[in-house]
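Chains as they are written, first to last, in the numbering used here: chain A, 1 to 149; chain B, 1 to 149; chain C, 1 to 149; chain D, 1 to 149.
The reader is advised that the hints may include incorrect statements.
In the BS3-like style, the derived pairs of lysine-lysine whose C-alpha atoms are separated by at most 27 Å in a straight line are [what the hints assert, rightly or not]:
#, chain 1, residue 1, chain 2, residue 2
1, D, Lys-101, D, Lys-4
2, B, Lys-101, B, Lys-4
3, C, Lys-4, C, Lys-101
4, B, Lys-101, C, Lys-4
5, D, Lys-101, A, Lys-101
Source of the hints: derived by calculation from the structure; they are not laboratory data.
Number of protein chains: 4
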Amino acid sequence: MLVKRIFEAAPFVRSLGIELTSFGDGWCEARLNVISALEQQHGLVHAGVIMTPAGHTCGGAAVTIAPEGPDVITVENKVSFLRPAVGPSLFCRAQVFRAGKRLIFVEAEVTVEHGTERLIAAKASSTLAFIPLKVTNRNRDVAPRSAVS
Amino acid sequence: MLVKRIFEAAPFVRSLGIELTSFGDGWCEARLNVISALEQQHGLVHAGVIMTPAGHTCGGAAVTIAPEGPDVITVENKVSFLRPAVGPSLFCRAQVFRAGKRLIFVEAEVTVEHGTERLIAAKASSTLAFIPLKVTNRNRDVAPRSAVS
Amino acid sequence: MLVKRIFEAAPFVRSLGIELTSFGDGWCEARLNVISALEQQHGLVHAGVIMTPAGHTCGGAAVTIAPEGPDVITVENKVSFLRPAVGPSLFCRAQVFRAGKRLIFVEAEVTVEHGTERLIAAKASSTLAFIPLKVTNRNRDVAPRSAVS
Amino acid sequence: MLVKRIFEAAPFVRSLGIELTSFGDGWCEARLNVISALEQQHGLVHAGVIMTPAGHTCGGAAVTIAPEGPDVITVENKVSFLRPAVGPSLFCRAQVFRAGKRLIFVEAEVTVEHGTERLIAAKASSTLAFIPLKVTNRNRDVAPRSAVS
Chain A
1 MLVKRIFEAA
11 PFVRSLGIEL
21 TSFGDGWCEA
31 RLNVISALEQ
41 QHGLVHAGVI
51 MTPAGHTCGG
61 AAVTIAPEGP
71 DVITVENKVS
81 FLRPAVGPSL
91 FCRAQVFRAG
101 KRLIFVEAEV
111 TVEHGTERLI
121 AAKASSTLAF
131 IPLKVTNRNR
141 DVAPRSAVS
Chain B
1 MLVKRIFEAA
11 PFVRSLGIEL
21 TSFGDGWCEA
31 RLNVISALEQ
41 QHGLVHAGVI
51 MTPAGHTCGG
61 AAVTIAPEGP
71 DVITVENKVS
81 FLRPAVGPSL
91 FCRAQVFRAG
101 KRLIFVEAEV
111 TVEHGTERLI
121 AAKASSTLAF
131 IPLKVTNRNR
141 DVAPRSAVS
Chain C
1 MLVKRIFEAA
11 PFVRSLGIEL
21 TSFGDGWCEA
31 RLNVISALEQ
41 QHGLVHAGVI
51 MTPAGHTCGG
61 AAVTIAPEGP
71 DVITVENKVS
81 FLRPAVGPSL
91 FCRAQVFRAG
101 KRLIFVEAEV
111 TVEHGTERLI
121 AAKASSTLAF
131 IPLKVTNRNR
141 DVAPRSAVS
Chain D
1 MLVKRIFEAA
11 PFVRSLGIEL
21 TSFGDGWCEA
31 RLNVISALEQ
41 QHGLVHAGVI
51 MTPAGHTCGG
61 AAVTIAPEGP
71 DVITVENKVS
81 FLRPAVGPSL
91 FCRAQVFRAG
101 KRLIFVEAEV
111 TVEHGTERLI
121 AAKASSTLAF
131 IPLKVTNRNR
141 DVAPRSAVS
C-alpha cells in the first residue's frame, strides 16, 4: 500500500509522531499527539506542525488514487489557521476533490477535540502532481524531478 | 528583541535546528541544516520542513516592525514548491511587503546552495495579524485568541 | 439586507450579470449567464469571470453574519481551477467556515450543469475582514481604509 | 506573438479594457483604465477587476516562454489585496519565477499611481500548466482539456 509507505518511510513524519489512522479511495486520515517539543513560543502548537500533517495527508489521499508507479509531489499548499490547535491530539483528514492525469486537487482539515466536539483548527487546499520519481534515498547526485518539471 | 525571542523560545523551531541569522526592519533570515530526520520517503527534505521556516521567518519579519506589546499570529500561508530542496542547508529570507495596523503581508523565499549559486526551492506568501496574546506558556486553561478572533 | 445591497450596488457585478439567488446565515448563492463577452481566447469562460463571483459570494456570505455597521473587505482569495467552466450558466455557493470579530474565513464553489449533474469548475478559499469603511461613493479624495490597515 | 494573441483574442480582457503594454522573455505588463462600471458597492475597484489582469498577465508572462504549440492554463491563483486600488489606471506586471516542462510559477503585482510614486494594490502568485488545447472557439461539443487533466 503506497499510502502506508509514505507515512512509514518518511523520517520527518515519524519524528513528529504522525500516524496514518485510516484511508480509502481518495482520502486518508492521520493523528498526531501534541508534545511540548512541537510548540511555538506561546505554548501553542507551531504552525509548521499543523502544516506538516495537513500537507502529508493531502499527499496520502492523492496516492490512494495514484496509478501504479508514479509518485506524488506537492506543487503548492495553502493553509488557513482558524483556531489555535489546543488539545492533546491533532486529527487530520484529507480528501481528493478533483484528480486528472497529472494534477490533483486535495483539501485537508486539521481538527482538535473540545469536550465531545471536534473543532476545526486549520484548513488546507493543495495542488499535487503525479510524477515519476527517479530519486533513490540518499543518492543526492541524481537530480530529482521537481514539482514544476 | 522580539524577533530573537520567537526563534529561541519556540521548541519546535529549536528542535528542527532553525537559527535566526540576520534581521532588520521588515525582514529576517534563518538557516537550517538538513539532516536525515527531516526527510520524506524519497530522501528529499519534507515539505513540512520547508513550510516551517518559511512560515516562521514570515512571523519573524512581521515582529521586527510590530508595535511594542502585541504579538503576531499567522492567518494563512501559501507555499509553492519550485524545486527539490537538495543541499546541506536551507536558507530562508522573509520580507514584509505591506503592513497595516492589524494585518501584515509577508513573503518568504527558501533557497539552497548549488555550487556558487543560490537556487530557489520554495516561495511563500502569508497574511499575519497583530494580536494581543494573553496566553501564558503551558497554561492550557486560558483560551488563547485565535487568528480569526 | 446588506447582502442584497452588495450585489445590487456593485456596478461590476451587475455588468457581469451576477445575480444573488439565495442566502441565509453564513452562506449565499449566485448565478451568472455565460455570454461570449466573458470568454478568453479559446472560447472558454475567462478565469477572471470565475474569480469574480467566487470572490463576491465569499463577501456576500460574510456580510450575512456581519455585525451591523461594519463592512467586509477581501484580504486574500485563492482560486483553484478544477475543470473548464463549460455550460450556459455558472453557479456559485459560498459558505462561512469560521468567523471571528475581525476576520472571517469563507470557501466558495463554482459549478456548472452537465446533464443532470453539477460539476465543480473552481474552488475558492478566502480571508475577509470586517472593517468600518468610511468611503463615500466616487469621493476619491478620502483615503479609504485598506484591507491591511 | 502568442502573448499578443491572448490579450487581443480574449473578449473578456478586451471588454475590461486591459491592454498589453510591454513584454519580454518571462514577463509581461498590462494596464487598465478604471471606469465606474468596474467598481464595487463603495466606489472602489472590484476585487474581480484586480484579479482579472493579475491572472491574465500571469498567463501572458507564461506564454512568452512557452514552447511552440502548447497553450497555458491557470491551475490556481492566490491574490492578496494590500491597498484599495485608487487611481485612474491599474498597472500589472507579471514575472515567471520558475518554469518546468509542464508547470510554471508566476507572480504578478497590481500597482496604482499615487503622485509620482507607484503603490502596490495587490500581489498574485499563480501556478499555470502548459497544455495542448484542442478547443476551437465556440465549439462547445469538444470537451476541452482541463487544468487538472
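Quick rundown of the hints versus the structure:
With a C-alpha separation of about 22 Å, the suggested pairing of Lys-101/D with Lys-4/D holds against the 27 Å cut-off. Annotation: proposed proximity of Lys-101/B to Lys-4/B holds, straight-line Cα distance about 22 Å (limit 27 Å). About 22 Å separates the Cα atoms of Lys-4/C and Lys-101/C, which keeps this hinted pair within 27 Å; it holds. At roughly 30 Å between alpha-carbon atoms, Lys-101/B and Lys-4/C are farther apart than 27 Å, so this suggested pair is violated.
About 15 Å separates the Cα atoms of Lys-101/D and Lys-101/A, which keeps this hinted pair within 27 Å; it holds.
Violated hints amount to a single one, hint 4; each of the other numbered hints is respected by the structure.
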